[in-house]
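Visitor: Residue strings, one per chain:
There are 2 protein chains.
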Amino acid sequence: MKIGYQGTDGAYSHIASQILSPNSSYIGFYDFFDAFAALNQQTVDKIVIPIENSYAGRVADVHRLIAKNNIYFEAEYILKIQHQLLANHATKPQDITEILSHEQAIMQCQDNLKRIFATTTPKLIPVNDTADAAKRLMQSNNTTSAVIASSLSAKIYNLQIIHPDIQDAQDNFTNFILMSKKPSNHPFQNNKNYITSLIFAIDNKSGGLAKILNILCDHNIDLLKIESYIPGGVKSHKAEFFISCSGHTQDPNLSIAMPKLHASCLDVKLFGSYLADEKRL
Amino acid sequence: MKIGYQGTDGAYSHIASQILSPNSSYIGFYDFFDAFAALNQQTVDKIVIPIENSYAGRVADVHRLIAKNNIYFEAEYILKIQHQLLANHATKPQDITEILSHEQAIMQCQDNLKRIFATTTPKLIPVNDTADAAKRLMQSNNTTSAVIASSLSAKIYNLQIIHPDIQDAQDNFTNFILMSKKPSNHPFQNNKNYITSLIFAIDNKSGGLAKILNILCDHNIDLLKIESYIPGGVKSHKAEFFISCSGHTQDPNLSIAMPKLHASCLDVKLFGSYLADEKRL
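In order, the protein sequences belong to chains A and B.
According to full-length UniProt numbering, the first sequence is numbered sequentially starting from 1.
According to full-length UniProt numbering, the second sequence is numbered sequentially starting from 1.
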């Protein structure tokens, strides 16, 4: 199995790919567009894409890309984001004068960095990619620079972990989805917990969303995630919502609610029913 | 009036700052944390912060920061994102071998770039900041590089616009908010359109959100934006929602709905009522 993801070897998406599809080969792509294009052209079998971060919200462009590319969801994995401070093996902590990483990673570690480097205060340098920063550091043999990246990056690029788990918040999670061009057709089993994700469109008028949520509520379906977006800009007559809810389209609740949803919406785009990550339970 | 924003001179946030608070002085900060810290320490009077992009969704960390810092919303401005291809004045279009910009900006222009540079295919280089790329280009006097940045960047850094408006999508908008430490207290006027933004928390259980939306619906309040997030991670007993809805807390509808909302929620954090950007009308 060939799995595509966005990023460089060692990226958090690469970690999620290894967990969601073990014993596969993994191919990093420059951006989300290229990863989706590879799936469309079948140069990869599946892709692993982050759809939401507990801090940063929806991941850029992904909702639009999944809707446009007829993608189905096969599985989810909720990865706890753990940032490591990495350096070449000859580097001494007191010699570090600069730390490179993605701006988001720098932000997510700033309290710990201030504490760790209280006296030496290295320069913080934003770069485009955490794993790429690790790769370049290895290639440079530089002993005064460090990077913030994943533990997988440390392993791939043979860097030492100067400080482990330097992220300030311990509740920073990213939700990754294994996506495929075919509906997953996981048959419903009574003793398992499923999630169903979909985008629905309704007329952009008062009370429209409440009506839909009442249908879910009437059938004991839990809403796990909702986000509105208006595809044609702020003046659109159509409102769209991405939701993830509890249940499987073949279970007793959702199988009755789905036809009611279809009847009440302009459009429903179903991404499929898949097993919930056990971290949710 | 001193206005803080995140970014470098010429950033899209800088443009929004000039529109939301004309005739002020503007100060760019390295990240959102620094901009909020400056407001807390009163080194700036107000800040202008993007809260949502029509493509990329919620802006990283902002919901968390506004809740934590007791911030109030004073006004909104919906900026159409227009990317310009900029170069030094001596640069000839056919000599361009590389184009630098933020990864998002590169992605948002890729179809047009392929069309414009069909034969020469310059290298696309992701950097951390569009306006900073423009500044460095000016300083370098390089005549084979171009950058993708705003028209304000062209003006500030004296660069020529090689190709105007090269964004692929014409419906790419970012919603900026003028934020202050004091509630805005815009008195309600009958002939104006207002938005009210708030975060509310409810028990993380079935039907909770539907109940709240039914209150809004019963009082003819339009939902303009909703996003769920679970502050303590996926297992939290509490669910939080950021919403923007039509109306003013002093108008006939919302003034009756607000006490009902308070009664049905664990917590309501009100950011204020402010004039709707006329692009919404």
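These are computed hints drawn from the structure, not numbers from a lab.
Among these hints, one or two may not hold up.
Remember, identical chains collapse to one label, so a pair may be satisfied in a single copy or spanning two.
Cut-off 25 angstroms, straight-line C-alpha distance, at most; resulting in silico cross-link-like pairs (BS3-like, lysine-lysine) [to be verified]:
(1) LYS181 to LYS123
(2) LYS238 to LYS279
(3) LYS135 to LYS225
(4) LYS68 to LYS135
(5) LYS181 to LYS135
(6) LYS238 to LYS92
(7) LYS182 to LYS238
(8) LYS225 to LYS68
Visitor: What hint numbers does the structure not satisfy?
Guide: 1, 3, 4, 5, 6 and 7
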